Amino acid sequence: MSERINVTIRVNGVEITDEVEPRVTLLDFLRNHGYTEVHRGCDEGKCGACTVLLDGKSVKSCLVLAVQADGGSVTTVRGLTKEGELHPIQRAFLEEYAMQCGYCTHGFIMVTYDFLTNISKEADPELISESIRNICRCTGYTSIIKAIKRASEYLNGNTKGSS
Amino acid sequence: MYIGGYPRPFKYYRANTLGEALDLLREIGEEGKVIAGGQSLMPMMRLRMSFLDKLIDIYRINELRYINVRDQLVQIGALTTHQEIAMSVDIAKAMPTLTRAAWTIADLQVRNRGTIGGSLAHADPAANYLPPLMTMDAELLLASREGRRKIKLIDFVVDSYTTNIKPNELVIEVDIPIKYNAFGYSILKRGGNAFPIVIAAVAGRISNGVIEELRLSIGGISSHPLLIEMNELKGASVKEVENKLQSIIESSIDESIREARLLGDRHASEKYRIKAAKSYSLEAMKSALGGS
Amino acid sequence: MSVHYREGLRAVTGFTQYIDDMPVPRGTLYMAIVRSPYPHARIKSIDTSDVVRHGGYAYGPTELSKVIKNPFPVAVNAPLKYYPFAIDKVRFVGEPVAVVLSSDQYKAVDLAEMVNVDYEPLEPIVTIDDAIQKKDVLIHESAGSNVVMHRVTRFGDVDSAFRDAPIIVKTETYYHRHLALPLETYGVIAHRRGDEVDITANSQGPMLQVYFISRALSLPTSKIHLSSPRDIGGSFGSKYQIYPYMVLAAAASTLSGKPVKWIESRTESFIASSAGSARKGYIEIAAERDGKIRGIRMRFYDDEGAYPRPPEPGALFRNHGNLNGPYDVKALEAEYYAVLTNKSPTGLNRAYGSPQFYFVLERGIEELARELRLDPLEIRYRNLIRDFPVVLNGQRFYETPTGGLYPMQNYSAALELLAREYRRWINEKEKDKYIGIGLATFIEPSVTNLGYVDLAVDPKEREHPHSGAGDYITLTLDSSGVIHVFVNTSNEGLGHETSLSEVIASELGIDPSMISVESKIDTSHPWSISSGSYSSRFAPVILSAAVLASRQLKDKLGKLASVMLGTSNVKYEKGVFYDSDNPSKKMDIRKIAAAAQWDPGSLPKDIDANLSVTVYYQPPTVKAATGDKINSSAMYAFQAHMAVVRIDPESRDVKLLKYIVIHDSGKMYKKEFVDGQIHGGVFQGIAAALYEELAYGNDGQPMVLTWSDYESPSLGDALWMSTMDVLHMETPLEIFPSKAAGVGEGPMMGSPVAIANAVANALGKPINKLPLHLDDLLDLWGDS
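Residue numbers (my numbering), protein chains in the order written: chain A, 1 to 163; chain B, 1 to 292; chain C, 1 to 784.
In case anyone wonders, no lab produced these hints; they're calculated from the structure. Nothing here was measured: the structure is a model prediction, and the numbers come from that model. Each residue gets a CB set at the ideal place from its N, CA and C atoms; glycine is no exception. Warning: the hint list may mix true and false statements.
[Unchecked claim] A partial selection of chain C residues facing chain A, derived with a Cβ cut-off under 10 Å: (1) V12; (2) Y119; (3) G233; (4) G495; (5) L705; (6) P747.
Here chain A stands alone, though its shape is the one from the complex:
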């Protein structure tokens, strides 16, 4: 069954068109087209390393078929950086040293973006606990939790941030 389907997806504002087998995941579609910042960390859709924004909402790209995303718009972290300037969330992660090997970082930034924009801009801890459940193996999460709080402060206009 090597039927192929034409798929067009706008990634960080750039239209990507390709013919893919229906079984190809959005994750593999993105990576095959050079968006290697999106990572694969598991086979079951649990770890969140593959998280991107699809039509503005965070999704696990390994749990979406490329054909399902046809006509949609995907944002990765490279779509957040504007003219070389880091987005406040990127800045918050860097300032809190919220990464070690860096493999989970992209997924965390994208789900944090959705969370702070659409769910809880004050970064309510209860809601964090129910919403941001990506896996990190290196940091023990402490610095990432701090980064989410700092990002929240930045997005709420507090540019000085906390330590």
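For this one, chain A is given, so just place chains B and C on it according to the hints.
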């Protein structure tokens, strides 16, 4: 086969309207599998745990995405996402246990994509929605080219991952009557295990401190959730049942598990789940009685 | 940008480059591995014809044996053979049996399903007890036994320590099979070009990989080139054991004539990558009535899976130099068994060998405290080492009975820092009976002396002495004054590039932006068999090498400056050499480099225009074993943990209320990195104690195939990590130029037992087995 991440090949069909979906189901419903949000199906496909060679994508049927709150009834379109349900202020007012159930599903990414119809059709024994919906006598609306039918959720879910949906049918709506004013919801998840161990939901009607009706539903411990009508509490005052609650709950649960097919695995045995069901049901019950 | 964190900047901007991001040669085929579904079985036949019919390549044991001619060397004296694939018998679920290749990644997996293997199942050996007792079921017939190594080592007068002891306590423990599994799986790109092979993999260091590959493929080392990508998504030891897959991919490339790429799937990583050995431990402690320990006897049985794959049985011996932990004990006996079972082979894991080891030792201490009705803090306090009488190179050490050399630190002061919080929580426990407090005090070994693997063999049978912990660093100045640093190691999240640039910048008084660092594997640059990122050797060894190299570079530039400025009275400050008699006459590093590069011909005959420095730094106390005495690590640092838990009366589950680490790893270069390692290590240890186990059923089938099965906590499950406190002491460890000890592993060494001790305290019962799952907690709760 230990190489996960790459589904087997299949033929892909997309329905943009309900009509198209029902036509496809009539044609290939027998061999085809329906995919909505894919949050339960995709993991299975990627782990090659499912054998499907035809996939019918219904995710874009926008006409099935809505939340209508009427006077006595909440109607939720089957393709409404978990996050939409979680954020609905109207649902929170009318039936907070449904809101809690939605919030405690997996994580934000899964809730953005997964749908209530998909979850109910999948019938995972530890599905968050089932206990609250069962306590509230929820009904499902199923559609096929042969017509529509309504079925009580408790009759729809037959066993683990088994419903009595027909191959040419689609769940299109969930209807929940608004008839209760006392609610409780309690869930035990452990570590990074994706599946809850125990979910306890309570719905009841209390007026002037007297219990008119009280229902408890427990998920995660048996092949499909238990529904327990707390009949011996009818007519009692909240105050007088307070210290009898624990023993009443324990004996009710012991009674209702006798006919049940119990679940146990290396995360939690049958014995553990039953014990936890009792503790968590008590907690949910206390919320329901305390909040009225 | 005020934050200097190079790796972090790449991560947040999406410009990291991991193995699966790397470009591949044209014609590259994807490899999928066919693996055994049985723990123990004979292979009757393999049929790959369907694969070929569908346009793929398939290679079974017959083909692979043509290229993989020799087994890997093993460190034990047992007649058995370890190949990276099964030949006539499979010995663990997941063992590679055949490989298939396809130009499409998805299709490769389809093809793997088309290989038909006929097996004759055999009875599996699943537990350590089975391995020892079921003598008629042999995993390797040629070995004659499933116990492939047994050694007894004794130090000091153990017999009299026990004979007249007023108190003797005994404890039996079991620590489970666990792996600190990283988020990125294994990846290999292998390209056989004629008689050469290029392998790029996210491996943890050149170390012995080239040697293993050379032996297996029967290729001279001159024909093997290893490299790694710039970024590795975590390793924690597991990516050292990638070498069997490097060989498989290289063999597939040889057989097909095409470059081959293999990316491991998550399921495979659970069942067939690596694992930390499960350990059955026995400990007897002889003591005085006041709690002072007279002697310790220990017996360890390590379950190493189906093959004693190097660096095993290292997990048993890694702590040999610190067998007495932080306690002043002169009489020690350690008996070691390496046992095989039908599970995947074990290997390096974060805190290699140590969570298992300290579980035995610290549970023994707790038993002693219980027997004597002494407070756990007090009994540790009474036994802590206080005197460091050995003097070497002007520094003071404590020499352990087994040959370890602990540099002087103040263990008691560190423990005293914990005491106040400890007493506060004891008060809290009086008000809330569900609270439990657990301690762990231990010595963190770092910088492994590779020679310790000799302990696997009786001294009489050792052929050659071995030792080694050194490493290379190269600094080269380009014509614009930028210093290029190269270290042959892997960058799996330890901030090596950032740290190196800052240390060198600090030594030279210049800005880190003038320093470019590459910290990755490339065997065309200098390296030794001890080169790599393991046993937390970066700060002690590589930063020391960096310090020395910076000084050498400065000296070289000083000589050039002398010539160029025309005076021998040259002083140096912040990147500028100047005439001390006439400070306005000066040249900065950039000018010197430019002059030397653009016109070396003008330099005097005896002046070297070499702007490159390569230093090999070997820690001075790392020597080969004498008998069974060996300084198994070059560095030892004290650490104390306190865990406070609360048992939830509804779920009986364990909740963390507080975690404190008292930490002294010498000089800290970047506190954020040190804290990150400590938080990460403690968390992994807690996850190991409460959730994660690479469990197998009684039938030898792995029961954990997904993160959900493994119960690995996500961020949403870990908000309590904000309750963790770390208190740093910084005793400069003068033995190394960097004055620093290793940091990465210590927190994981003590956290599992600290949790066990806390739960034991809450429930009033000993906890001598991990992990603690819901049913274990329910059973322990019992009627208490």
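Open item on the list: Which constraints among the numbered hints does this structure fail? Numbers only, ascending.
Closed with: The structure conflicts with hint 2 only, although it agrees with all the remaining ones.
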